[in-house]
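The chain contents come next:
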Amino acid sequence: MLFTFDDIPGTGDIKVLNYALALEDLESDLYDQAFMRLTVGGKNKLGIQIPGMNLNDSQADVYYMYQFGVVETRHSQFLRAALGSAAISPFKYNFNMQNLSRKQVLDLIYTAESTGTGAYLGAIPYLETKTYLQIAGAIQGTEARHTATFAGIIDQLFNEGLNVAPVTKQYGGNNGIEVPIPPNTVLKAVSGFIVA
Amino acid sequence: MADENSSGFFSGQTKSSPSLHSRRNLMRLAALGGISLAGMRFFSPKSAFAASPASSGLTGGSTDGATQFAGIPGDTINEQVLNFALTLEILESDLYRQALNIASGLPVDNALNINPKVYQLKVGGGGLNAASTQSGYLYLKQFAYVESAHREFLIAAITAAGFAPAQKNPGGYKFPTKPQTDMKSILTQILPLEETGVRAYLGALPYLTDLGLAQVAGSIYSTEARHSAAVSISLGLHAGPTPEPGDLTVVPNPVGTNTFEYYLQPRTVVAAAVKNYFV
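Residue numbers (the numbering used here), protein chains in the order written: chain A, 1 to 196; chain B, 1 to 279.
Hints are all accurate, no fakes.
The following residues of chain B were derived to be distant from chain A, with all beta-carbon distances above 10 Å:
| no. | residue |
| --- | --- |
| 1 | Ala70 |
| 2 | Asp75 |
| 3 | Ile155 |
| 4 | Asp182 |
| 5 | Lys275 |
Computed list of lysine-lysine pairs in DSSO-like fashion (alpha-carbon distance at most 30 Å, straight line):
| no. | chain 1 | residue 1 | chain 2 | residue 2 |
| --- | --- | --- | --- | --- |
| 6 | B | Lys117 | B | Lys174 |
| 7 | A | Lys92 | A | Lys43 |
| 8 | A | Lys130 | A | Lys188 |
| 9 | B | Lys168 | B | Lys178 |
| 10 | B | Lys174 | B | Lys122 |
| 11 | B | Lys117 | A | Lys169 |
| 12 | A | Lys169 | B | Lys168 |
| 13 | A | Lys169 | B | Lys122 |
| 14 | B | Lys168 | B | Lys122 |
| 15 | A | Lys103 | A | Lys188 |
| 16 | B | Lys174 | A | Lys169 |
| 17 | B | Lys178 | B | Lys117 |
With the C-beta cut set under 7 Å, the calculated list includes, among others, these residues of chain B facing chain A:
| no. | residue |
| --- | --- |
| 18 | Gly61 |
| 19 | Gln215 |
| 20 | Gly256 |
Since the hints were derived computationally from the structure, they do not count as laboratory data. Think of the CB as a built atom: it goes at the ideal place given N, C-alpha and C, for glycine as much as any other residue.
Chain A on its own, in the form it takes in the complex (with noise of 0.2 Å):
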């Protein structure tokens, strides 16, 4: 069980990679799991039955949970295969999705992609070689986009008021910049997706 940032293998570069391999596994199997809700249902990696609600990619937020599902998948690659035997092992998550509305199931992939926005960030204190650094930005840049999509899709669903952005004092912001996440409060956060 995933905990704090303690319980990631490795150290410097290596530990910053495991971590956010960590979170791109969640991310990816996050979507999978989203993607049955909205559109024709399965089963998640645990087992359980996730009924769906038989929505198609004419929906933005089914189009772009394929998109970005295939996009995570892909960082988690990535990730796995730069790291190789020092790569942390998958674990497997409940996100109670069989039971979530559409609305919950967008809040809850805005909340991770957000999240995920800010530990990359979180992390930079940690890295070690500006190769990774880079590497890391490159990343981080799409869930950013991600994040801002998702926001952008939930105010024109449900009208929200959520910002894409991080915005400034005259819209009850700070400096309109993004805020870093330390790993440790990201890591309290997800924990309880984590079952194995």
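Since the structure of chain A is provided, determine the placement of chain B on it from the hints.
Same frame as chain A, but now just chain B:
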């Protein structure tokens, strides 16, 4: 505004200054960014980072910084990267101001009003549907203030370090093609600014040797990526990243066009900015 630089584009005067690479100045920088010091293990031994110690600095990376940031003021590479970012934020914030004025039916030279409520959409969609026209205009307003805040943040940070921030281009800035008075045309002109901003920050990132600055730069970069996605979607385009001519890839064999962000070399960005946007 006088331009003291022989290049005619970047007029920040260099003067002897303490390095930004000091704990005190980084703490100021973090505070300015609203970034929790507890989140920056680099400064705080009692930080929220409870695990193994953070590394003390970044190693490796490109060694051609002197070439990449030629003409950008700064005594150290970290300072040059910050002034590179500032140069782009000055440009971006000015063009956002112009775009917001155009979309609001106001004189293009009007300063950014401190009150966003004075701005009301006065142009049509130009082919965008009503929802995208409205969301696009909201983004234009919000991001105009954000880019302005990024500019002020960087100026304050550079100044706090006792260094001279890069200055506005004396002639000002223009869009390569003047936007028509509709949201589609305006956002179409805005999008390349954001997409280039993303590529510029990612290209400059591996020149920083300082973890605290890397985190700050990353935190601004992240917002540019969010803006790029939001503006793209308003225009009916994919959220991206979508490859563009000249794009460089961080990962040698990208397995999908939208799997990793693309980047540009800093000198390429500067040359393009000057060519396309400087008056």
